[in-house]
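Single-letter residue listing:
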Amino acid sequence: MPDAQTIAIDPSAAENPAVGIDQSSGNFSYEMKYEFDAGSGLSERTVDYISSVKKEAPWLREFRMNALKTFDSKPLPTHWATRDLENIDFNKIRYYLASGGKPKRTWDEVPDDIKRTFERLGIPEQERKFLAGVEAQFDSEAAYSNIKDTVAKQGVIFVNSTEALREHPEIFRKWFGKVIPTGDNKFSALNSAVFSGGSFIYVPPGIKVSHPLQAYFRINAENFGQFERTLIIVDEGSEVTYMEGCTAPKFSTSTLHSAVVELVALKGAKIQYITVQNWANNVFNLVTKRGLAHEEAEIKWIDCNIGSRLTMKYPGVVLKGRKARGEVLSIALANDGQHQDTGAKMIHAADETTSNIIAKSISVGQGRSTYRGVVHIPRHLKGCKNNTECDALLINSNSRTDTYPAITVRGDRHAVQHEASVSKVSEEQIFYMKQRGLTEGQAMSLSVNGFVNELARQFPMEYSVELKRLIDLEMEGSVG
Amino acid sequence: MATQATETQAAFGGFSAELFSAHAAGQTAAPSWWLERKRAAYARFASLAMPARTDEAWRFSTIAGLAVDASRKAGPGELGAAMPVPALAARAALTFSGNRLAGRGQPPPDLARQGVTVETLSEAVLRHPDLLREHFMAQPQRLGSGKFAALHEAFVQEGAFIHVPPGVEVSEPIVLVHRAEEGPSFPHTLVIAGDGSKVSVVDLFLAGAVPQRTALAVGANDLYAGHGAKIAYAGVQDWSRETLSFQLNSTVVRRDASVQSLNIHLGGRQARHESLSQLQAPGAFSEMLALTAAEGSQEFDQRTLQIHQAPNTKSDLLYKNALAGRARTIFSGLIVVDQDAQKTDAYQSNRNLMLSDDAEANSLPGLEIQANDVRCTHGATTSRVDPEQEFYLKSRGIDPTRAHELLVFGFFEEVLNRLGDAGIHGALTEMIVAKFKGLRSPHAR
Amino acid sequence: MSILEIKDLHVAIGDKPIVRGVSLTIRTGEVHAVMGPNGAGKSTLAKVIAGHPDYTVTGGDIHLDGHSILEMEPDERARAGLFLAFQYPSEIPGVSIANFLRAALQARMAEGEELDASAYYKRLYEKMDFLKIDRKFTARSVNEGFSGGEKKRCEILQMAMIEPKFGLMDETDSGLDIDALKIVAEGVNRLRGPGLGMLLITHYQRLLNYIVPDFVHVMHEGRIVKSGDKTLALELDAKGYDWVKNELVVA
Numbered sequence: 065m066p067d068a069q070t071i072a073i074d075p076s077a078a079e080n081p082a083v084g085i086d087q088s089s090g091n092f093s094y095e096m097k098y099e100f101d102a103g104s105g106l107s108e109r110t111v112d113y114i115s116s117v118k119k120e121a122p123w124l125r126e127f128r129m130n131a132l133k134t135f136d137s138k139p140l141p142t143h144w145a146t147r148d149l150e151n152i153d154f155n156k157i158r159y160y161l162a163s164g165g166k167p168k169r170t171w172d173e174v175p176d177d178i179k180r181t182f183e184r185l186g187i188p189e190q191e192r193k194f195l196a197g198v199e200a201q202f203d204s205e206a207a208y209s210n211i212k213d214t215v216a217k218q219g220v221i222f223v224n225s226t227e228a229l230r231e232h233p234e235i236f237r238k239w240f241g242k243v244i245p246t247g248d249n250k251f252s253a254l255n256s257a258v259f260s261g262g263s264f265i266y267v268p269p270g271i272k273v274s275h276p277l278q279a280y281f282r283i284n285a286e287n288f289g290q291f292e293r294t295l296i297i298v299d300e301g302s303e304v305t306y307m308e309g310c311t312a313p314k315f316s317t318s319t320l321h322s323a324v325v326e327l328v329a330l331k332g333a334k335i336q337y338i339t340v341q342n343w344a345n346n347v348f349n350l351v352t353k354r355g356l357a358h359e360e361a362e363i364k365w366i367d368c369n370i371g372s373r374l375t376m377k378y379p380g381v382v383l384k385g386r387k388a389r390g391e392v393l394s395i396a397l398a399n400d401g402q403h404q405d406t407g408a409k410m411i412h413a414a415d416e417t418t419s420n421i422i423a424k425s426i427s428v429g430q431g432r433s434t435y436r437g438v439v440h441i442p443r444h445l446k447g448c449k450n451n452t453e454c455d456a457l458l459i460n461s462n463s464r465t466d467t468y469p470a471i472t473v474r475g476d477r478h479a480v481q482h483e484a485s486v487s488k489v490s491e492e493q494i495f496y497m498k499q500r501g502l503t504e505g506q507a508m509s510l511s512v513n514g515f516v517n518e519l520a521r522q523f524p525m526e527y528s529v530e531l532k533r534l535i536d537l538e539m540e541g542s543v544g
Numbered sequence: 178m179a180t181q182a183t184e185t186q187a188a189f190g191g192f193s194a195e196l197f198s199a200h201a202a203g204q205t206a207a208p209s210w211w212l213e214r215k216r217a218a219y220a221r222f223a224s225l226a227m228p229a230r231t232d233e234a235w236r237f238s239t240i241a242g243l244a245v246d247a248s249r250k251a252g253p254g255e256l257g258a259a260m261p262v263p264a265l266a267a268r269a270a271l272t273f274s275g276n277r278l279a280g281r282g283q284p285p286p287d288l289a290r291q292g293v294t295v296e297t298l299s300e301a302v303l304r305h306p307d308l309l310r311e312h313f314m315a316q317p318q319r320l321g322s323g324k325f326a327a328l329h330e331a332f333v334q335e336g337a338f339i340h341v342p343p344g345v346e347v348s349e350p351i352v353l354v355h356r357a358e359e360g361p362s363f364p365h366t367l368v369i370a371g372d373g374s375k376v377s378v379v380d381l382f383l384a385g386a387v388p389q390r391t392a393l394a395v396g397a398n399d400l401y402a403g404h405g406a407k408i409a410y411a412g413v414q415d416w417s418r419e420t421l422s423f424q425l426n427s428t429v430v431r432r433d434a435s436v437q438s439l440n441i442h443l444g445g446r447q448a449r450h451e452s453l454s455q456l457q458a459p460g461a462f463s464e465m466l467a468l469t470a471a472e473g474s475q476e477f478d479q480r481t482l483q484i485h486q487a488p489n490t491k492s493d494l495l496y497k498n499a500l501a502g503r504a505r506t507i508f509s510g511l512i513v514v515d516q517d518a519q520k521t522d523a524y525q526s527n528r529n530l531m532l533s534d535d536a537e538a539n540s541l542p543g544l545e546i547q548a549n550d551v552r553c554t555h556g557a558t559t560s561r562v563d564p565e566q567e568f569y570l571k572s573r574g575i576d577p578t579r580a581h582e583l584l585v586f587g588f589f590e591e592v593l594n595r596l597g598d599a600g601i602h603g604a605l606t607e608m609i610v611a612k613f614k615g616l617r618s619p620h621a622r
Numbered sequence: 058m059s060i061l062e063i064k065d066l067h068v069a070i071g072d073k074p075i076v077r078g079v080s081l082t083i084r085t086g087e088v089h090a091v092m093g094p095n096g097a098g099k100s101t102l103a104k105v106i107a108g109h110p111d112y113t114v115t116g117g118d119i120h121l122d123g124h125s126i127l128e129m130e131p132d133e134r135a136r137a138g139l140f141l142a143f144q145y146p147s148e149i150p151g152v153s154i155a156n157f158l159r160a161a162l163q164a165r166m167a168e169g170e171e172l173d174a175s176a177y178y179k180r181l182y183e184k185m186d187f188l189k190i191d192r193k194f195t196a197r198s199v200n201e202g203f204s205g206g207e208k209k210r211c212e213i214l215q216m217a218m219i220e221p222k223f224g225l226m227d228e229t230d231s232g233l234d235i236d237a238l239k240i241v242a243e244g245v246n247r248l249r250g251p252g253l254g255m256l257l258i259t260h261y262q263r264l265l266n267y268i269v270p271d272f273v274h275v276m277h278e279g280r281i282v283k284s285g286d287k288t289l290a291l292e293l294d295a296k297g298y299d300w301v302k303n304e305l306v307v308a
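Line by line, the protein sequences are chains F, C and L. First residue of the first sequence: 65, per the numbering used here; consecutive thereafter. First residue of the second sequence: 178, per the numbering used here; consecutive thereafter. First residue of the third sequence: 58, per the numbering used here; consecutive thereafter.
Honestly, the hints are just simulated from the structure, not real lab data. The structure displayed is predicted, hence computed values, not measured ones. Treat the hints loosely; a few may be bogus.
EDC-like mimics (lysine to aspartate or glutamate), calculated; alpha carbons at most 20 Å apart, straight line [unchecked claim]:
id, chain 1, residue 1, chain 2, residue 2
1, F, K138, F, D248
2, F, K449, F, E492
3, L, K222, L, D234
4, F, K212, F, E303
5, L, K193, F, E518
6, L, K208, F, D415
7, F, K334, F, E303
8, F, K272, F, D213
9, F, K449, C, E233
10, F, K138, C, D232
11, F, K446, C, E565
12, C, K520, C, E582
13, C, K520, F, E518
14, F, K449, C, D535
15, C, K375, C, E358
16, F, K446, C, D563
17, L, K184, L, E220
18, F, K446, C, D535
19, F, K250, F, D415
20, F, K449, C, D433
21, C, K520, F, D136
22, F, K449, C, E565
23, C, K520, L, D111
24, C, K491, F, E483
25, F, K138, C, E233
26, F, K446, C, D534
27, L, K208, F, E492
28, F, K238, F, D299
29, F, K532, L, D286
Let's have the full structure, built from the sequences with the hints guiding it.
So, in structure tokens, the structure goes:
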């Protein structure tokens, strides 16, 4: 039961903290009609509270409770991952806060370099306050309902997790928690216990969704992305692209973000999932992402990690059907005080499946980037192929980069290739560019942009332009 | 790190405290400092835990296969036929059989004149205690076999000690032979090349005339190259098919020195090979090469570590495995570049050729880079024999089996071509070909 | 008209002296060739004028239009009008020729001024056509996978687009066959005019048949030991570099 401090829940209040907020004012006197606060710390009470607020069916409440038990029983994976994980204080985190009423900080409190970044990236005014945590609500409702209606005409369902499991269990329950079981790792268990927000999408057979669907449409205060749960099911022959995040630095009160993304591509389907992550430097960003690709289906993860204190993310594809294809394209930029620990997992479980991993990382200042990969091709399969390329660029002498791939191949009917390299931007190259009139900073930017160019081109246009600008910004700081 | 081990853990292979005492008692000529080291080593061995499946350093290894009872004697009918002796063995400077010196070859006349020392470990303990104190098992055990290194140090009885004085160039390769007999083998080779010297060593590990079901070999070798020295080392492991083998190698490369180490793996039922290269001063170069021909249900587990501790150093690793039958290989290679090791060039390449449906190759190439002005690459490829090439040979009239042999052999040539000595190249080729007669693809028609 | 003056220049690499007192004056509109055996210090001279970080000026000065450029960064010198055609041009993976040149030209424009894209491309294609560089090359990464001839032509393309006051050509003919040489030479000749001064560093006389110099200087062991007009190059070709060494010994 919710503890005494919080307001009793009005049974008619659905989970939409936007209600009752005066958006037109630029100041911070919000009407505090509803506040959903589970307090801090994680216990059965917290989970129970969340489930009640969302008016969830009993099976879902039980799912969460079991997940909590699993979370408690699992240790932190510090025997292979960084010990920085031990700095997460699970007791201090608020696991569910719909703080529609509470501003986080004033515009004056926003650090100058964040404001400058917004300026440089050309972020629209209205979005800046939202991103900086100054405003609780981004007026995305209009944009969202527009898209939602358009795709609904094609039979596409695009809703949040609560609504999906309540209104369309016959579609989503089948795959929910199947691609990433609760017990997969400690953080998927955590997410399974306290998840909220995120997008659940279903695309019926034979539909190519022309417009990319964006998480951005769906963000509101409650969905600062803390424990988002996303499930995308694309039926036979259909295609969809989903994008989340943005290049602008995102402020967050919470220091722990633990999302779970499950993708299911049925026969011949195609899913492209694009993420650009630029969380503030105090955030632990631990994400479990996996896709299940059936016969002749294709799942492509395009991942860009620029922010956060620690990101641990290894998008994976289980290639379950014949001729399925999986791809992970990843760019990571680690600056002072950041550790990008990313990679990919490709599990081949059928004949003639192909996987491709291209990961590029840049370590600047004291940043640290780590690549971890798993490629697994078991016995009695034939005709499988994998290609992995991971390259690291070190800019300053204090940067660090590690690469730990693990490749297992059984049988003589496969071709697997893994290549990795580590280098720095060459002085000859910089001198060459300077001789053509470019300053040191411009030369470095060009070089670094050239390094990620192939990959950056795969991002949708607006992201790749912003990405380039962001890299330029990061590089400027690094030139001594 | 030492952890308190249980009775069963410490008693790996039946190497009990009693067994050690008996062994120590038998070392009548050894000085007390040597025995002290052995006692300390045994204590370490007893206190360390056996490798577990969750240890990163033993990932993918078959832990259950690390069981052996060295004290068990072979029963009647378990002894096989005598193994053929390779031609190269006839040139051996020192031949060991079952941990004892069995023969000394006729050394080239120059050797003594130049002051080159080629003697047994027990002789070296008495004559060169300072060198042994400094170099014997002096390098850190970083690849996961601390327990077995301690076992080796505790029970080692005989081995080869080669010391080349500064400026001396030894023209002929020094050949060493270690034959297994009943009971575990603890072969040891220590090569110290003084400043500006040059030496080439070939180490053969051969199944004895009496193969056994419960054979165990725990060997170690250390190569130390002083300022500007050059060492070329080639080791061939051809133990019996029943042997559980551990071979722990380390190389220290000083300023402007260069070491080439080639290891060929043919025998054993489960063989673990660890190779540590430390590039300690500017200009150092370490070339690490390996060839493995795996078949039946053999498992070859190779772990390497290239550490760059000074600027302007270079390392180059090329490990090639050909797998047939139900064989398994594991290659785990880490390149570590320290913060001050600017202008490091480090390369690592693992190539696996799959010759059967049931073979399994695992690759874990790794990089930990802390300096930024470096060039490091690593790569791992796993593939089968190119059908285009197979067809081309067949179209010239070469039968499928022979075509296959040629192509697989060609796979290995890239490594063998790195050897400077044509004579050694030829001799090693013969040894590999003999094993190869068995490697053929089930898909060849 | 602009003047590039090299005044009693001494250059070392580490603590090893390479250039030991070179004085030379180049005006725009003039073509000076510097020849000499390997190790004479010719390439060093070109690289030092451009500001290559490996070299240290241990004495003397370099003036561009009366102002010393020694304290200027390489990019500042470039924007002031100096262009170095490299002997071994760098590869820049992922950066296309089009974008690279655009960045170089944009760098020379005032704050807020933008390059006119269509005018830029028109100019670029025109020059590429002349240098017989396939227009598709605009999308290729700078020098990546280029043959020797392609790299040298790319250098000339850049010079043609950037339009410097002084072009320092560091062994532009090395590694080129006769056909490639002709194309490169034609490209250079087309740029020749009162607004451009050139320093041609070359080991062989052959290039000078196509790009006829106004002045020829011979370098030996870090100094200019003989100067003359184009006939000096022919004499050198006929007699070889030993002739110069011997003349010095006698003198």
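How the hints compare with the structure:
A distance of roughly 10 Å separates the Cα atoms of K138 of chain F and D248 of chain F; the hinted pair therefore holds under the 20 Å criterion. As the CA atoms of K449 of chain F and E492 of chain F are separated by approximately 37 Å, the hinted pair breaks the 20 Å bound. Proposed proximity of K222 of chain L and D234 of chain L is contradicted: the alpha carbons are some 28 Å apart, above 20 Å. For the proposed pair K212 of chain F and E303 of chain F, the alpha carbon gap of about 16 Å is at most 20 Å, so the pair holds.
Between K193 of chain L and E518 of chain F the alpha-carbon distance is near 17 Å, which keeps this suggested pair within the 20 Å criterion. With a C-alpha separation of about 45 Å, the suggested pair K208 of chain L and D415 of chain F falls outside the 20 Å cut-off, and the hint is violated. A distance of roughly 5 Å separates the Cα atoms of K334 of chain F and E303 of chain F; the hinted pair therefore holds under the 20 Å criterion. About 16 Å separates the Cα atoms of K272 of chain F and D213 of chain F, which keeps this hinted pair within 20 Å; it holds.
For the hint linking K449 of chain F to E233 of chain C, the alpha-carbon distance of about 26 Å lies beyond 20 Å, and the restraint is violated. This hinted pair checks out: K138 of chain F and D232 of chain C have alpha carbons roughly 18 Å apart, not beyond 20 Å. A C-alpha spacing of about 18 Å is found between K446 of chain F and E565 of chain C, which places the hinted pair at or below 20 Å, so the restraint holds. The suggested pairing of K520 of chain C with E582 of chain C is violated, with an alpha-carbon distance near 41 Å, which exceeds 20 Å.
For a cut-off of 20 Å, the pair hint linking K520 of chain C to E518 of chain F is broken: about 27 Å separates their Cα positions. Proximity of K449 of chain F to D535 of chain C is assessed by CA-CA distance (about 17 Å); at most 20 Å being required, the pair is judged to hold. Only pairs whose Cα atoms come within 20 Å are accepted, and K375 of chain C paired with E358 of chain C is rejected, the gap being roughly 33 Å. Of the pairs offered as hints, the one joining K446 of chain F and D563 of chain C holds, with about 15 Å between alpha carbons and a cut-off of 20 Å not exceeded.
Under the criterion of a C-alpha separation no larger than 20 Å, the hint pairing K184 of chain L with E220 of chain L is consistent with the structure, at around 12 Å. A hinted pair counts as satisfied when its Cα atoms are at most 20 Å apart, and K446 of chain F with D535 of chain C qualifies at roughly 11 Å. With a C-alpha separation of about 32 Å, the suggested pairing of K250 of chain F with D415 of chain F is violated against the 20 Å cut-off. Straight-line distance between C-alpha atoms of K449 of chain F and D433 of chain C comes to about 42 Å, which puts the hinted pair past the 20 Å bound.
A hinted pair counts as satisfied when its Cα atoms are at most 20 Å apart, and K520 of chain C with D136 of chain F does not qualify at roughly 47 Å. Of the supplied pair hints, the one linking K449 of chain F and E565 of chain C holds, its CA atoms being roughly 18 Å apart against a limit of 20 Å. Our distance criterion of 20 Å between C-alpha atoms is met by K520 of chain C and D111 of chain L, whose separation comes to about 16 Å. Annotation: proposed proximity of K491 of chain C to E483 of chain F holds, straight-line Cα distance about 19 Å (limit 20 Å).
Note on K138 of chain F and E233 of chain C: the hinted pairing holds, with a Cα-Cα distance of about 19 Å set against a maximum of 20 Å. At most 20 Å may separate the alpha-carbon atoms for a hinted pair to count; K446 of chain F and D534 of chain C meet this at roughly 9 Å. For the hint pairing K208 of chain L with E492 of chain F, the CA-to-CA distance comes to about 15 Å; that is within 20 Å, so the pair holds. With a CA separation close to 13 Å, the supplied pair K238 of chain F and D299 of chain F stays within the 20 Å bound.
For the hint pairing K532 of chain F with D286 of chain L, the CA-to-CA distance comes to about 51 Å; that exceeds 20 Å, so the pair is violated.
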